[in-house]
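There are 6 protein chains.
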Amino acid sequence: MLQDPARATAEKIRKLEIQGARNVAIAAITAMETLANQTKTDSKKEFLKELLKAKETLFASRETEPLMRNAIRLIINQVEENPEKSVRKLVGTVSAASQRFLMDLENSKERIAEIGAKRIRNKSVVFTHCHSSTVTNLLKKAKQEGKNFDVVCTETRPLFQGRITAKEMLDIGVKTTFIVDSATRFFMNQVDLAIVGADAITSEGNVINKIGTSTVALVAQEARTPFYVISELLKFDPDTMYGDYEKIEERGATEIWEDSPSKLIIRNPAFDVTRRDFIHGIICEEGIISPHSITEVMHRKYSWVFK
Amino acid sequence: MLQDPARATAEKIRKLEIQGARNVAIAAITAMETLANQTKTDSKKEFLKELLKAKETLFASRETEPLMRNAIRLIINQVEENPEKSVRKLVGTVSAASQRFLMDLENSKERIAEIGAKRIRNKSVVFTHCHSSTVTNLLKKAKQEGKNFDVVCTETRPLFQGRITAKEMLDIGVKTTFIVDSATRFFMNQVDLAIVGADAITSEGNVINKIGTSTVALVAQEARTPFYVISELLKFDPDTMYGDYEKIEERGATEIWEDSPSKLIIRNPAFDVTRRDFIHGIICEEGIISPHSITEVMHRKYSWVFK
Amino acid sequence: MLQDPARATAEKIRKLEIQGARNVAIAAITAMETLANQTKTDSKKEFLKELLKAKETLFASRETEPLMRNAIRLIINQVEENPEKSVRKLVGTVSAASQRFLMDLENSKERIAEIGAKRIRNKSVVFTHCHSSTVTNLLKKAKQEGKNFDVVCTETRPLFQGRITAKEMLDIGVKTTFIVDSATRFFMNQVDLAIVGADAITSEGNVINKIGTSTVALVAQEARTPFYVISELLKFDPDTMYGDYEKIEERGATEIWEDSPSKLIIRNPAFDVTRRDFIHGIICEEGIISPHSITEVMHRKYSWVFK
Amino acid sequence: MLQDPARATAEKIRKLEIQGARNVAIAAITAMETLANQTKTDSKKEFLKELLKAKETLFASRETEPLMRNAIRLIINQVEENPEKSVRKLVGTVSAASQRFLMDLENSKERIAEIGAKRIRNKSVVFTHCHSSTVTNLLKKAKQEGKNFDVVCTETRPLFQGRITAKEMLDIGVKTTFIVDSATRFFMNQVDLAIVGADAITSEGNVINKIGTSTVALVAQEARTPFYVISELLKFDPDTMYGDYEKIEERGATEIWEDSPSKLIIRNPAFDVTRRDFIHGIICEEGIISPHSITEVMHRKYSWVFK
Amino acid sequence: MLQDPARATAEKIRKLEIQGARNVAIAAITAMETLANQTKTDSKKEFLKELLKAKETLFASRETEPLMRNAIRLIINQVEENPEKSVRKLVGTVSAASQRFLMDLENSKERIAEIGAKRIRNKSVVFTHCHSSTVTNLLKKAKQEGKNFDVVCTETRPLFQGRITAKEMLDIGVKTTFIVDSATRFFMNQVDLAIVGADAITSEGNVINKIGTSTVALVAQEARTPFYVISELLKFDPDTMYGDYEKIEERGATEIWEDSPSKLIIRNPAFDVTRRDFIHGIICEEGIISPHSITEVMHRKYSWVFK
Amino acid sequence: MLQDPARATAEKIRKLEIQGARNVAIAAITAMETLANQTKTDSKKEFLKELLKAKETLFASRETEPLMRNAIRLIINQVEENPEKSVRKLVGTVSAASQRFLMDLENSKERIAEIGAKRIRNKSVVFTHCHSSTVTNLLKKAKQEGKNFDVVCTETRPLFQGRITAKEMLDIGVKTTFIVDSATRFFMNQVDLAIVGADAITSEGNVINKIGTSTVALVAQEARTPFYVISELLKFDPDTMYGDYEKIEERGATEIWEDSPSKLIIRNPAFDVTRRDFIHGIICEEGIISPHSITEVMHRKYSWVFK
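Sequence lines, in order, name chains E, L, W, X, R and A.
Mapping the first sequence onto the numbering used here, position 111 (from 1) lands on 222, and the numbers just tick up by one.
Mapping the second sequence onto the numbering used here, position 78 (from 1) lands on 189, and the numbers just tick up by one.
Mapping the third sequence onto the numbering used here, position 144 (from 1) lands on 255, and the numbers just tick up by one.
Mapping the fourth sequence onto the numbering used here, position 296 (from 1) lands on 407, and the numbers just tick up by one.
Mapping the fifth sequence onto the numbering used here, position 37 (from 1) lands on 148, and the numbers just tick up by one.
Mapping the sixth sequence onto the numbering used here, position 109 (from 1) lands on 220, and the numbers just tick up by one.
Incorrect hints may appear among the rest.
What the hints assert, rightly or not - Quick list of the computed label-pair ranges, beta carbon to beta carbon:
(1) 414/R with 359/X: 28 to 34 Å
(2) 374/L with 417/R: 56 to 62 Å
(3) 131/A with 196/L: 34 to 40 Å
(4) 126/E with 414/X: 41 to 47 Å
(5) 257/R with 358/A: 17 to 23 Å
(6) 125/W with 156/E: 36 to 42 Å
(7) 167/R with 417/A: 37 to 43 Å
Said to hold, decoys possible - Calculated lysine-lysine pairs in the PhoX-like style (CA-CA distance at most 25 Å, straight line):
(8) 234/X with 374/A
(9) 374/X with 358/W
(10) 374/A with 254/R
(11) 254/R with 286/X
(12) 166/W with 418/W
(13) 229/R with 418/A
(14) 160/E with 374/E
(15) 196/W with 164/W
These aren't lab readings, by the way, just hints derived from the structure by calculation.
It should be emphasised that the depicted structure is a prediction, and the values quoted were computed from it without experimental measurement.
The beta-carbon is built from N, C-alpha and C at its ideal position, and this holds for glycine as well.
Whenever a hint applies, use it, and build me the whole structure from the sequences.
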């Protein structure tokens, strides 16, 4: 049966079969588009109801996924604001909005790499934490442009995503140093720049990213090392504007210690919050901005996220 | 053949068959005592020469072991300052000095636990990093005294010594929370006190301890959480007084990543330096002192280390 | 005689018969509306002159009252921008603008409470200074939503407004701890959040509030305790944009010491300035924003304040 | 021959015959206007090509001159956006845009002086570094308004521009204290306010100004002394938005030491970067703004700079 | 009956009939001397037992009184170390030790005033908090020496001890400004020096003094205003060396709010802890010392406190 | 005539014919020795009177010269403490004390160079300010030991002593970069270590050195760059112990601007104060110590300076 691509996708997201802010957003958009194409109704009201139900299903699949949520917000907003009554045409609207979002996402990635690559000076040393495809894409761009730089990256416990970063850097011929997370301060005085990705940006201008990021930022500040966040603007979470704390996913104990003693409490928060004052700039598709102005940038460029 | 207990012990230390500042010091003292007992000479000059050669051998066994070095310094100092000429009697001096050092070490441990336990308030939460028997001994003492407290401890990559700490705490019935190193800042605002051990103390009052300690200290300061170092005074390294940097042992790559890519540079410093200004106090056998006054404390109590 | 409601109201404001940014603004609006209703002229030019004279009178009644001033600015702006020539219809414009302002003010209060209440976590401890109805309204909302939290509040010398806060909190069943102002730092490490009201916001993003607020902010920062300002956006003072310092009212000596020695100089500034960098966010009717972006928020939402 | 006023002006700029952000901008505008007046083409496309070539020539004359570059950007933007096809009329457009830019520049200067003068309190002491006509203009305005204040200024090595500042201040009767640059911290606790000019403003909100400015800012922050930057908004450099670092001009060695030893490396950077967090406000023609919101201010007022 | 002057004095101390570290110490010494004079025993052992019982009684009279405790420690130490067996002669030892302590205390006061007065520059403004006779004695000395200076002092809630300070300053003709505690930060940028007294000094070099002192210190540091503690060395508390936290007396609720609502929790800690790093120097009878070296100073000058 | 070598030397010191803490001390000692040799009295009392008069004369020759003052203190102390009555023999005491002081000074210089040279790592970059022979001696030692390092030095306005440093460094083949003082922050992130000399050390542990030193220290701290002071312990000024502020010599205006405008106030303080908390260590003949313990070090090694 063809029913409910939203539920199917939500399930995969919940089970981590789909991972990464980008991939999750792409899957959700595809689900929305599929669902629209499968609609049987010819009432706009009904159609919207179906979309809103899908939204609810997908939103519930993970606590914090602003990119995915913003994608769905956009699609529904386009339909709502369209004076058109014909459902068939509105299905086209969904398709168009979806395609535009995906294309914009791709363009943003390219644009961010172009802008950010200019910040990588020749013969510099760049520090990074965890793995972010937006970050490694930027570094690859810099390498392609002929810049010669080194990378220091952390292993990023508990899931060792730093190993992916290290491999990607070695693959493009970048001299890479690999350290445990707690050696960050030991090496910070020897690097020129620290860059990390983002999972979400709050209305205060704070950044939610992999656990440990806020410590990298603090340690960078202590050593007067510039610290940049590389992120699409649509990782902004409009719910934080209205008072919500960004939820911090807490993952399973076995990721940290497989056969731990029975009474031991293992806490495994996946993210932490880096305050705006530690961030020199957010490198986004708009350019390099101060995190303090994030809500105004969003109002100017993507005001529909606030609806 | 009976020859050269110093060389045999040095070898075991080098191969990490003997580990931990305390154990290394005990083994070295025992070697010195054995060596003295085996001496064939009856010239004091010759005897001292033998002791000095043993000293050289043992000092060379590991880069940074101030406790062991100070033990050997004490023994030789006692012989040198003794007006006695009879080697047989001087062998007794070596024995006596060795026994006194070992007893003092034991007493210090007890004394430190008594003093430090008073800093653990009832219903408080204590943060610690890595495993230090001086620290866990203190916590056990506090527990024995009927205090009720929780512990948060890091896993301490790459060798997971935090697991030993966690087990010891669970064994005595302390509620224990276990986290990855990079979650330190996430939990710091929820604890009342941070305590760590020490491998060496420099003449500036800085503390050398397990990699990551200086970050715990920085993060504690940012949250106005008191940060204490628990250490015997004889971990003071007199060589730092005369300009030497404390050597930071750099360990093997496989501790961090067993089958790492061939071109990857893995850096594995075992220790880092925590500046005196992050340390509320050093809890030692003397009591709780400001690290800034360490050289004067040493001059008052153990002036022979400077010889 | 019916003359000059502006002057009568200004007098009451001057004598502190009307107090509190909100109440002062409401009284001034009412005066403007009454004055408009009483007008005898049928020349728009004359009518505007009357309004401008009333504005001058009301502005002069207190040094710093941006909310009241913005209310009057809005009313006059509406009349000026109205192409209508009929005074009778313009009187209606005044009425409409006044009503809208009052309604907006009421809505803002509700909206702020809704947004801010989400920041109060269950089982948390909230610190506040002085008395602000915007703050207590927010706390009441959180309580109504079933959240369980404690409050620590300062007595707030010299006028003990903290006692009002304490009573309001006890009335709704919140466990409340009451301290002298100078004990703020003693308790800061035990609270989770500090929130205060505002009398004015400057174009730099700084907040003017009851004397002592900037110290609460400094002490909160030292303990990594989040510090929020709760305020309607219309407390923004556009005159600071054009260079004016916000005037700090200096009140009478007897508030501090009734029978003080004759030569003693008693200084009694009613407010101080909290720099934007101490403020995690301003919780306003828009949502939670970084104070650094305040002028752009005002340009987007209330651009008429700049006229 | 009449050819190429752009090249002639560029040459003078390169040789420092024309200096100062303002003067350079004025000269470049004049060159653009002259060039437009001299055009022989009657194709809009050709005309634009000529303008773009002139732009390239003038941009190349100095590494960092955002004011000049923005002036040229404005002129070309006006032509591009004009639907008009007649080159003669477009020449008029160039003239009009040029005149407007110059007039706006003049008005900005006046407006900045008016706004900034309000920040100079009577009987205060003002600290400044280097020479900026925008700064001294502001101080003259304050003096004209009858304010009584003192000035402390640095000599500003290597070119002693502080002497110009000192003379201008003495000329208007301001009590002036003159110090070497490295005495800044010695005097900072005795001043009430520090103000400096700007050569460029980046998209992060940082300010590029004469070498030493960032140290003045750091030292001011350490003493809780307010630090303001006085600048036209059009010193904002849109290229920094897209990743470029602001180029720091490095000048000749003889400015520092005329007959220096042959092997000595003399480094003479003319500017440094003051981070936004040290800046209380940018005093510009808009008013006093937080540097963190600079890109949004530019988008609102001068969105054409981003094209 | 003549019995138990220790118990009688302890009772008065407990009821606050005797107040102030100095007065309490003097009373306790007098009680010890009286008790010695009344002894009936002629066994040294018995005599010491009596003294130790008195010590216990007096120590129990107030939680934190290191000056008094050190006085008693000195007296008993003198008896213990005296090889003399005759109780009559040992009574003389008690007398002599008591008299010496009192004389030393008086001399210290004078010496501290002499040293500290040199720190008061002509035409300076001095900030102080609460009332300390050591501080006002110093200021009187400076005034006697012909120095012209102003004082800013806080009222010091809840007991308004600042009023005593203000009156004493006015009595000697010092221009005095009086403020509420929470206005400290408002005025800090206008003063040249902050000085306060001490109730106790810990082995870490921290100072216990009237609630609010640590905030004055923090605010002074933020404004780069030197902050000095004026104290006799014998306020050092040797128990902190051995792990004890200095007890913070918590006083009655009615001091803060006489008829407070029944459910209100009023917390009234009398003291707080100022960390050594905020203190430029301790001005004591030895001279001006860094608080970080306090234990070594005590070992050199008053090593008997550690017994 | 042979009279009064003290007065003659004092005159030369006053006229700056003798300069540098070391040279001034040597000249003063020589004067004391000569004066002693010329004495005609044979009464010890008279002889001491002559020495004390010379002391007064020499002390008056310059405001701040602790090294010279301590030298004279030592000589007089040796005579005073000598039970010998014969003036002839006491003249010998003066000679012996003088010779010992000079020899100690020479030995200290060597010892400091040996200790400090160990802090210069191979391939490192060392920052220095002004010229100090103690500092350059240390760097020469490091070079002799085969270390390869670069130096960055400031020109040090107004007297350009940095040029002497630069030449000395070039002479021994060190790659040297030369900058204006206000470029210190520009280069701080690129150096590994900052070292400076000292003119005086206070009892708080602060260091008086060439104007600008405290800014170097602040800027070093901001970049987490270690900052060391290189100094003989006898630059400690015991008068600061007893309350005196170290006098800051204020030199002539023409050093800064030869033909300055007549009304201009030129302030030319020669020194500033670097707070102990910016100093990682004082490298002295004792070794590397925390400045916080300076008075205790002096009590242990040179207790006669306090007499």
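So, going through the hints one by one against the coordinates:
1. With their beta carbons about 59 Å apart, residue 414/R and residue 359/X fall outside the hinted range of 28 to 34 Å.
2. A C-beta distance of roughly 59 Å is found between residue 374/L and residue 417/R, which places it inside the suggested range of 56 to 62 Å.
3. In this structure the supplied range 34 to 40 Å is violated for residue 131/A paired with residue 196/L, their Cβ-Cβ distance being about 51 Å.
4. At roughly 46 Å, the beta carbons of residue 126/E and residue 414/X sit within the given window of 41 to 47 Å.
5. Range check, residue 257/R to residue 358/A: about 19 Å between beta-carbon atoms, so the 17 to 23 Å window is met.
6. As the Cβ distance of residue 125/W to residue 156/E is approximately 58 Å, the hint placing it in 36 to 42 Å is violated.
7. A beta carbon spacing of about 38 Å between residue 167/R and residue 417/A agrees with the range 37 to 43 Å that was offered as a hint.
8. Distance hint between residue 234/X and residue 374/A is fulfilled; the C-alpha atoms sit about 19 Å from each other, no more than 25 Å.
9. Our distance criterion of 25 Å between C-alpha atoms is broken by residue 374/X and residue 358/W, whose separation comes to about 59 Å.
10. With a C-alpha separation of about 35 Å, the suggested pair residue 374/A and residue 254/R falls outside the 25 Å cut-off, and the hint is violated.
11. With a CA separation close to 31 Å, the supplied pair residue 254/R and residue 286/X exceeds the 25 Å bound.
12. For the hint pairing residue 166/W with residue 418/W, the CA-to-CA distance comes to about 14 Å; that is within 25 Å, so the pair holds.
13. Only pairs whose Cα atoms come within 25 Å are accepted, and residue 229/R paired with residue 418/A is accepted, the gap being roughly 19 Å.
14. For the given pair, residue 160/E sits about 47 Å from residue 374/E by alpha-carbon distance, which is inconsistent with the 25 Å threshold.
15. With a C-alpha separation of about 20 Å, the suggested pairing of residue 196/W with residue 164/W holds against the 25 Å cut-off.
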